[in-house]
Amino acid sequence: MELTREEVLHIARLARLGIDDAEVDRLQSQLSDILGHFAVLSQVDTDGVPPTAHTVAQYNILGYDEPISSLSIDAVLSNAPEREGDFFRIRAVLE
Amino acid sequence: MTIDVCAFTIAEAGRLLRAKELSSIELTRAYLDRIDAVDPKIQALMTVTGGVAFDQAKVADAILARGEGHPLTGIPIILKDVLCTKGIRTTCSSKMLQNFIPPYDAAVVERLRTLGAVIIGKSNMDEFAMGSSTENSAYFTTKNPWDTTRVPGGSSGGSAAAVAAGLAPVALGSDTGGSIRQPAAFCSVVGLKPTYGLVSRYGLIAFASSLDQIGPFTKDVADTALMLNAIAGYDPRDSTSVPQPENDYYSCLGDSVRGMRIGVPQEYLAQGVTPEVKAAVDAALKVYEDLGCSIEECSLPTTDAALAVYYIIAPSEASANLARYDGVKYGFSHKETDSMWQAMEKTRAIGFGSEVKRRIMLGTYALSAGYYDAWYVKAQKVRTVIRREFDEVFTRYDALITPTAPTVPFKIGEKAADPFSMYLSDICTIPVNIAGIPGISIQGGFHNGLPIGLQIIGKPFDEKTILTLGYAFQQVTDWHLRQPQL
Chain Y
1 MELTREEVLH IARLARLGID DAEVDRLQSQ LSDILGHFAV LSQVDTDGVP
51 PTAHTVAQYN ILGYDEPISS LSIDAVLSNA PEREGDFFRI RAVLE
Chain W
1 MTIDVCAFTI AEAGRLLRAK ELSSIELTRA YLDRIDAVDP KIQALMTVTG
51 GVAFDQAKVA DAILARGEGH PLTGIPIILK DVLCTKGIRT TCSSKMLQNF
101 IPPYDAAVVE RLRTLGAVII GKSNMDEFAM GSSTENSAYF TTKNPWDTTR
151 VPGGSSGGSA AAVAAGLAPV ALGSDTGGSI RQPAAFCSVV GLKPTYGLVS
201 RYGLIAFASS LDQIGPFTKD VADTALMLNA IAGYDPRDST SVPQPENDYY
251 SCLGDSVRGM RIGVPQEYLA QGVTPEVKAA VDAALKVYED LGCSIEECSL
301 PTTDAALAVY YIIAPSEASA NLARYDGVKY GFSHKETDSM WQAMEKTRAI
351 GFGSEVKRRI MLGTYALSAG YYDAWYVKAQ KVRTVIRREF DEVFTRYDAL
401 ITPTAPTVPF KIGEKAADPF SMYLSDICTI PVNIAGIPGI SIQGGFHNGL
451 PIGLQIIGKP FDEKTILTLG YAFQQVTDWH LRQPQL
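Top line first, the protein sequences correspond to chains Y and W.
Okay, so the first sequence: first residue is 1 according to UniProt numbering, each after it adds one.
Okay, so the second sequence: first residue is 1 according to UniProt numbering, each after it adds one.
Quick caveat, the hints were computed from the structure, so don't treat them as lab data.
For every residue, glycine included, the Cβ atom is placed at its ideal position computed from N, Cα and C.
A hint or two may mislead.
Said to hold, decoys possible - Derived DEER-like restraints, expressed as beta-carbon distance ranges:
no.: 1; chain 1: W; residue 1: R324; chain 2: Y; residue 2: Q43; range: 29 to 39 angstroms
no.: 2; chain 1: Y; residue 1: S70; chain 2: W; residue 2: Q266; range: 16 to 26 angstroms
no.: 3; chain 1: W; residue 1: E246; chain 2: Y; residue 2: A92; range: 49 to 59 angstroms
no.: 4; chain 1: Y; residue 1: D20; chain 2: W; residue 2: Q266; range: 38 to 48 angstroms
no.: 5; chain 1: Y; residue 1: A92; chain 2: W; residue 2: A323; range: 13 to 23 angstroms
no.: 6; chain 1: W; residue 1: S256; chain 2: Y; residue 2: A39; range: 44 to 54 angstroms
no.: 7; chain 1: W; residue 1: Y234; chain 2: Y; residue 2: S42; range: 18 to 28 angstroms
When you get a sec, could you build the whole thing from the sequences and use the hints?
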């Protein structure tokens with residue numbers, strides 16, 4: 001299972017993860033090696049087997065339609081790298 | 001007065017508190033003194049919370065003075081730095097959260113505060129709980145108290161080492177693929193991963209949401225039962241929390257194990273298990289036989305594929321969970337860039353360490369168009385097969401016994417260059433997370449002064465059986481009484 005350099009760069013772009021040339025080389029080799037070990041999955045017969053995303057039954061959590069207190073704006077913004085008034089300040093999304 | 005706290009259990013410290021032979025303030029001071037003296041050697045703690053601790057100890061003493069309280073009232077506790085603590089820095093041992101101060105407490109922290117426990121520190125861990133050695137902390141590597149040239153296990157290595165070294169009688173960790181049980185085995189303490197859904201994950205910084213579960217480290221099984229009583233319970237804020245009837249896990253201790261049926265899955269004794277670990281498991285099985293249990297070999301044939309299932313599912317969920325670290329809302333933010341996308345990529349490049357990046361890449365790959373069915377969906381299907389195999393063997397057995405880890409603790413740096421060899425150290429614990437069932441690691445012996453752990457696996461929500469079995473073992477063995485010399 002060999003990943004190409006382009007595939008590694010493509011995955012990094014999808015993950016919004018900046019990686020330098022040395023990391024590309026290292027990840028190409030390590031991810032290829034790890035995925036190679038995972039070929040064992042193809043040996044398990046899963047015909048007709050449903051996937052399990054969670055081991056416990058999932059159900060809706062219903063709450064009463066009553067207002068309750070939440071974190072204050074100051075608490076929510078207390079860890080913000082940049083703040084302007086009651087907002088997170090970010091760089092322009094549209095150039 | 002000098003108080004030697006290193007061997008104290010919760011039960012022992014609680015008895016002294018209730019007998020008024022010791023105050024919580026004195027107990028807290030004794031543990032903080034021990035942290036001062038010992039922690040520089042093992043580096044188990046990320047943050048020491050002396051001020052908070054004395055405030056809580058004072059409140060606990062007032063409760064105890066009225067003759068009230070809970071077994072945990074006034075007891076010092078250490079929390080893995082993945083649990084949100086209101087007003088106390090919570091780093092996940094990552095540069096990404098270096099200055100993060102949560103505005104709220106995790107559900108388990110709320111419960112412990114309400115019961116009067118005293119938070120004395122936050123423990124070091126593998127960054128975002130990814131790792132098996134605590135070498136992936138962005139800050140420093142915790143050392144194994146039994147041999148400081150070796151790892152304490154991971155990712156909750158700081159919590160395990162802290163309890164082993166007597167820095168607190170109890171600590172909390174989180175277990176995604178073995179991150180409580182494997183370090184418990186490496187440090188010779190008890191570590192429990194409860195059934196998925198039994199303990200609320202609200203306020204646990206997410207790694208792999210369908211696998212993560214919070215659990216305690218203690219010196220003995222009786223203390224583990226006390227802790228489970230304190231932290232288990234339904235929480236509507238966690239959509240995966242399961243409503244269960246109130247259980248008293250402590251009261252079952254001491255029940256006879258005579259007639260219990262124990263299965264020994266043979267696949268767990270292959271996979272690189274060393275002769276000394278196998279010998280310790282065999283000796284433990286003989287103990288159970290003498291206690292009147294029936295022991296039988298059994299098979300979980302798809303165990304071989306569990307590692308692959310885990311390293312597809314966990315990174316996939318991690319890649320989604322860690323998308324929140326974008327440098328906008330909290331955490332590290334790289335500002336010397338004009339473009340929003342460049343800033344985000346730089347933030348994540350600098351903020352995350354190499355293991356976290358590797359897993360985000362692995363997960364992003366498994367979820368990407370063209371590979372989703374071949375990797376992610378296939379892994380989820382094999383997960384079903386593994387769960388069904390556990391369901392089937394549990395129609396014949398009350399519990400399963402295996403090694404916790406295939407080897408004794410390895411040397412610091414020994415596996416750092418080869419991620420896959422590191423991944424193999426969780427091979428005995430990972431299937432339990434995949435199936436969502438409970439597992440406990442208890443002290444199972446030593447080889448050349450290095451600890452060996454014994455894993456007892458139970459049916460879903462049947463923590464009582466594995467605690468009863470663990471407790472019975474500790475009544476007739478003394479491995480759990482040994483302390484490292486520090």
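Outcome of the hint check:
At roughly 36 angstroms, the beta carbons of R324 of chain W and Q43 of chain Y sit within the given window of 29 to 39 angstroms. Between S70 of chain Y and Q266 of chain W the C-beta distance comes to about 53 angstroms, which lies outside the given range of 16 to 26 angstroms. Checked against the hint of 49 to 59 angstroms, the pair E246 of chain W and A92 of chain Y passes, with Cβ atoms roughly 54 angstroms apart. Range check, D20 of chain Y to Q266 of chain W: about 46 angstroms between beta-carbon atoms, so the 38 to 48 angstroms window is met.
About 21 angstroms separates the C-beta atoms of A92 of chain Y and A323 of chain W, a value consistent with the hinted range of 13 to 23 angstroms. Separated by about 47 angstroms at the C-beta atoms, S256 of chain W and A39 of chain Y satisfy the suggested range of 44 to 54 angstroms. Between Y234 of chain W and S42 of chain Y the C-beta distance comes to about 40 angstroms, which lies outside the given range of 18 to 28 angstroms.
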